[in-house]
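Visitor: Please work from the sequences and hints to get the whole structure.
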Amino acid sequence: MIYPKNFEQKIGFSEVRALLRVRCLSPLGKERVDAMMFSTDVKEVNRWLEEIREFRRIQEGQDDFPLDNFFDVRESVARIRLEGTHMEVEELFDLKRSLETIIAIVAFLSRGEATEQGEIKHFYPALYDLADGIATFPLLVQRISQIIDKFGKMRDNASPELLQIRRELARTEGSISRTLYSILRSAQGEGLVEKDVTPTIRDGRLVIPVAPGLKRRISGIVHDESATGRTVYIEPTEVVEANNRVRELESEERREMIRILTDFAKKVRPNVREIIDSYSLMAAIDFIRAKAELARYFKAFEPEVKAEPHIDWIRAIHPLLQLSLERKCKERLNTSLSREEEVSSKDTDDSLSVQEIELVSEEDNTSTSVPKSVVPLDIQLTKDKYLLIISGPNAGGKSVCLKTVGLLQYMLQCGLSIPVGDRSTTGLFSDIMIDIGDEQSIENDLSTYSSHLMNMKVMMRQASDKTLILIDEFGTGTEPQIGGAIAEAVLKQLWEKHAWAVITTHYQNLKHFAEAHPGTANGAMLYDRHEMRPLFQLAIGRPGSSFAIEIARKTGIPEAVIKDASSIVGSDYIQSDKYLQDIVRDKRYWEGKRQTIHSQEKELSKSIARYEREIDALEQSRKDILNRAKRQAEELIKESNKRIENAIKEIREKQAEKEETKRIRQELAQYEAGLMDEDKLKPSDKSNKNKLKNGGLLSDEDFQKKVDKIKNRKEKHEQHLKTKAEKQQAAAEALKNAVRKQQSGGVIMVGDNVRIKGLTSVGKVEAIDGKQATVIFGGMRTKMSISRLERVDGATLQQEQKQFQAYNYSRETRETIDKHRNQFHQELDVRGMRADEALNQVQHFIDDAILVGASQVRILHGKGNGILRQLIRQYLGTVPNVTNYRDEHVQFGGAGITVVEL
226 MIYPKNFEQK
236 IGFSEVRALL
246 RVRCLSPLGK
256 ERVDAMMFST
266 DVKEVNRWLE
276 EIREFRRIQE
286 GQDDFPLDNF
296 FDVRESVARI
306 RLEGTHMEVE
316 ELFDLKRSLE
326 TIIAIVAFLS
336 RGEATEQGEI
346 KHFYPALYDL
356 ADGIATFPLL
366 VQRISQIIDK
376 FGKMRDNASP
386 ELLQIRRELA
396 RTEGSISRTL
406 YSILRSAQGE
416 GLVEKDVTPT
426 IRDGRLVIPV
436 APGLKRRISG
446 IVHDESATGR
456 TVYIEPTEVV
466 EANNRVRELE
476 SEERREMIRI
486 LTDFAKKVRP
496 NVREIIDSYS
506 LMAAIDFIRA
516 KAELARYFKA
526 FEPEVKAEPH
536 IDWIRAIHPL
546 LQLSLERKCK
556 ERLNTSLSRE
566 EEVSSKDTDD
576 SLSVQEIELV
586 SEEDNTSTSV
596 PKSVVPLDIQ
606 LTKDKYLLII
616 SGPNAGGKSV
626 CLKTVGLLQY
636 MLQCGLSIPV
646 GDRSTTGLFS
656 DIMIDIGDEQ
666 SIENDLSTYS
676 SHLMNMKVMM
686 RQASDKTLIL
696 IDEFGTGTEP
706 QIGGAIAEAV
716 LKQLWEKHAW
726 AVITTHYQNL
736 KHFAEAHPGT
746 ANGAMLYDRH
756 EMRPLFQLAI
766 GRPGSSFAIE
776 IARKTGIPEA
786 VIKDASSIVG
796 SDYIQSDKYL
806 QDIVRDKRYW
816 EGKRQTIHSQ
826 EKELSKSIAR
836 YEREIDALEQ
846 SRKDILNRAK
856 RQAEELIKES
866 NKRIENAIKE
876 IREKQAEKEE
886 TKRIRQELAQ
896 YEAGLMDEDK
906 LKPSDKSNKN
916 KLKNGGLLSD
926 EDFQKKVDKI
936 KNRKEKHEQH
946 LKTKAEKQQA
956 AAEALKNAVR
966 KQQSGGVIMV
976 GDNVRIKGLT
986 SVGKVEAIDG
996 KQATVIFGGM
1006 RTKMSISRLE
1016 RVDGATLQQE
1026 QKQFQAYNYS
1036 RETRETIDKH
1046 RNQFHQELDV
1056 RGMRADEALN
1066 QVQHFIDDAI
1076 LVGASQVRIL
1086 HGKGNGILRQ
1096 LIRQYLGTVP
1106 NVTNYRDEHV
1116 QFGGAGITVV
1126 EL
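Counting with this note's numbering, you get residues 226 to 1127 for the letters of the sequence shown.
Mixed in with the good hints there might be a few duds.
To be verified - BS3-like, lysine-lysine: derived pairs with alpha carbons at most 25 Å apart:
#	residue 1	residue 2
1	Lys863	Lys947
2	Lys235	Lys682
3	Lys524	Lys555
4	Lys235	Lys553
5	Lys531	Lys722
6	Lys255	Lys230
7	Lys268	Lys691
8	Lys863	Lys848
9	Lys608	Lys736
10	Lys491	Lys378
11	Lys608	Lys722
12	Lys717	Lys608
13	Lys848	Lys867
14	Lys375	Lys492
15	Lys682	Lys722
16	Lys524	Lys610
17	Lys235	Lys524
18	Lys235	Lys255
Calculated directly from the structure, the hints in this document are not laboratory data. Nothing here was measured: the structure is a model prediction, and the numbers come from that model.
Guide: Here it is in structure tokens:
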């Protein structure tokens, strides 16, 4: 329940709705804004906010979302439900462009990436849900394009009859123009018409301007005269019949256009309901875009909403107040600039009067008391503290705080972003009721206090644990003592029903209410006693002072009056209020200290965490160095074993010849001597262990010596290894070719010679990425599925190279192929072609698709009788590289389009 009926006007939501409305692109979105309502369904509210989040991501991304041509043609489309009706050319042009926009929106929101399960994970799932199931009409758009050109005019070739009529009309008008110019030149030669006169049109007929005194000198019909009476317009007799013929042809043209539009309406009529339904997507997108633009304007945020009542807002801002203050700051700046110019224009001897000085000082004081921007509020209502009583000075921001809670909560449950911090948490309320302002009415016999009591009665009757109640200046409007008592009794009723409430007051008994009733909290709007100005900050946990004496003294009330008032109220009250102010001041001081300590603790925690990360990094570095040394030692052992095995093998192969055996033994001795020299650098295992134990790792100098010694040893035997590698390379290549020949049906690897199944061109695999391979054919690089390739063994490759050794691509040929590949489009349109012509186009198209490595293409053949579709699919069944072909999705053309997978 929302109470009262003028709730939106009271909290300012009507202004928010107006700001949202002007950001819509079409009446479609504006209708959604007008129909926007308060919701208590948490799933619905979270879905609305998720749609805004996704659209804001689209706006921040690189891709352009289709937002052109938002036209509302639902009324025009609905009109053609009746037989014999038609849409006008302008309406048909708007229909075409808007349907193109709907097609583009559906295509944009349907994008996504495939998951391992084969499903499509859409980039914008919430917005895709809006587009899912929306029918699109690409064939209808194509038919409209055949009737109307890109400028919105009906084409001459929309029908053969229209083309003939317009040609005859052009010939007749040309004949009339030539005749008129001939008559005009003759009249100019006789001096009947001035030299600069040209034919003009009156009532759709070409005429000649003539002076009134000479009109009888030219035979013809007078059609009009100028406003001054100095010119008459004559249609010469020679062109009367021709002009009549022009009128007849124009009528025939109009009748033919109506016939064309009526015939088109017959084709549209069966789909009228689906077309109108498709505009719901355009309306939703227009509405969501407007909400996203408003969120950016308000610097707002889309929080996650809980199902239960909850308010924990950080840095909440009243958006309308922020706009108002920004506007006033600009006006104040302009005023000050104009005042400076006015003062500077006076002579230096002139001086301002006393009244002018006082007026300027008053304006300056007023401007300093009003902040230049809204002070953010931290507001918290939870299950433990669900009733907040706010007190504080007048003009201190109590009512602003109350309206901020009401406006932001209502905006949230209407699906709008709210200007709060990103760490804020929110919930839902079933009812929001407010009592603010003066509701007195002479017609209804209601005084100010009576209207407040009527509101209290409704609130007590409807209150529940899911109700949010907002009351400003609770208990005012009557005698303070009894007003405070009634207010406390009403507050107790709300407390017993666990109603959530934010209440502002000046009454002391209501401030004390929180002490005896759990779930109730006091809040104070802070005031700076030293500078005598409000701070517009809400502090929850303590009551606030009204600062009546201080504010009276600041406004210039005589001191004698202030003393009398103090004596009337009594010194005890003044002292208690002063003590309260001192408590507030001290609490502010210690709160500042607490925040400082908290920030220092956070910095200390960050420093400790940084030191711990550095220690972990050092420990990891130590482990890496030890592991690296261990790996180097293992490599050294492996290499030693390898050399010994190679020496034994060579001795056996050389049949133990003395010279060779001696040489091999010398190499092993040199290698052993190198290792012994390296070992001499180590004082002892025990010293190394002590070094590791004391220092944690070897010194940089010792470690570098080890590395250098290993490098020297490797360089010493590099020549021997190189010689041996050359001997083994030939055998390894032969073995590799043999293995590949045996595994010709196995896995294709980088460097293999391959060809496309069914073709003879041989290429080389450059890279493999998953199930895709990059292959170089001649001078052209292409990417295709591995399943479409087969390995070519060495013998076959040499045979084909011999067969085609005289054939090489020239540079011009490669450039032509690359250009053809860059200009390749994955869609072929053969509608309107003959069968043999269409099949020829399809053959070239499929060959090009295989050449460039396309995995999927589309062939647009239309529905018709299905003959062209059948012939094309019969051909596709004979192509080895075609793995599958099917109808397009119904949203994008259905049986009129064949999708071919290669």
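Visitor: Could you run down the list of hints and mark each one as holding or not?
Guide: Evaluation of the provided hints:
no.	hint	result
1	Lys863 x Lys947	holds (18 Å)
2	Lys235 x Lys682	holds (19 Å)
3	Lys524 x Lys555	holds (19 Å)
4	Lys235 x Lys553	holds (22 Å)
5	Lys531 x Lys722	holds (21 Å)
6	Lys255 x Lys230	holds (22 Å)
7	Lys268 x Lys691	holds (17 Å)
8	Lys863 x Lys848	holds (22 Å)
9	Lys608 x Lys736	holds (20 Å)
10	Lys491 x Lys378	holds (20 Å)
11	Lys608 x Lys722	holds (13 Å)
12	Lys717 x Lys608	holds (17 Å)
13	Lys848 x Lys867	violated (28 Å)
14	Lys375 x Lys492	holds (21 Å)
15	Lys682 x Lys722	holds (14 Å)
16	Lys524 x Lys610	violated (29 Å)
17	Lys235 x Lys524	holds (23 Å)
18	Lys235 x Lys255	holds (22 Å)
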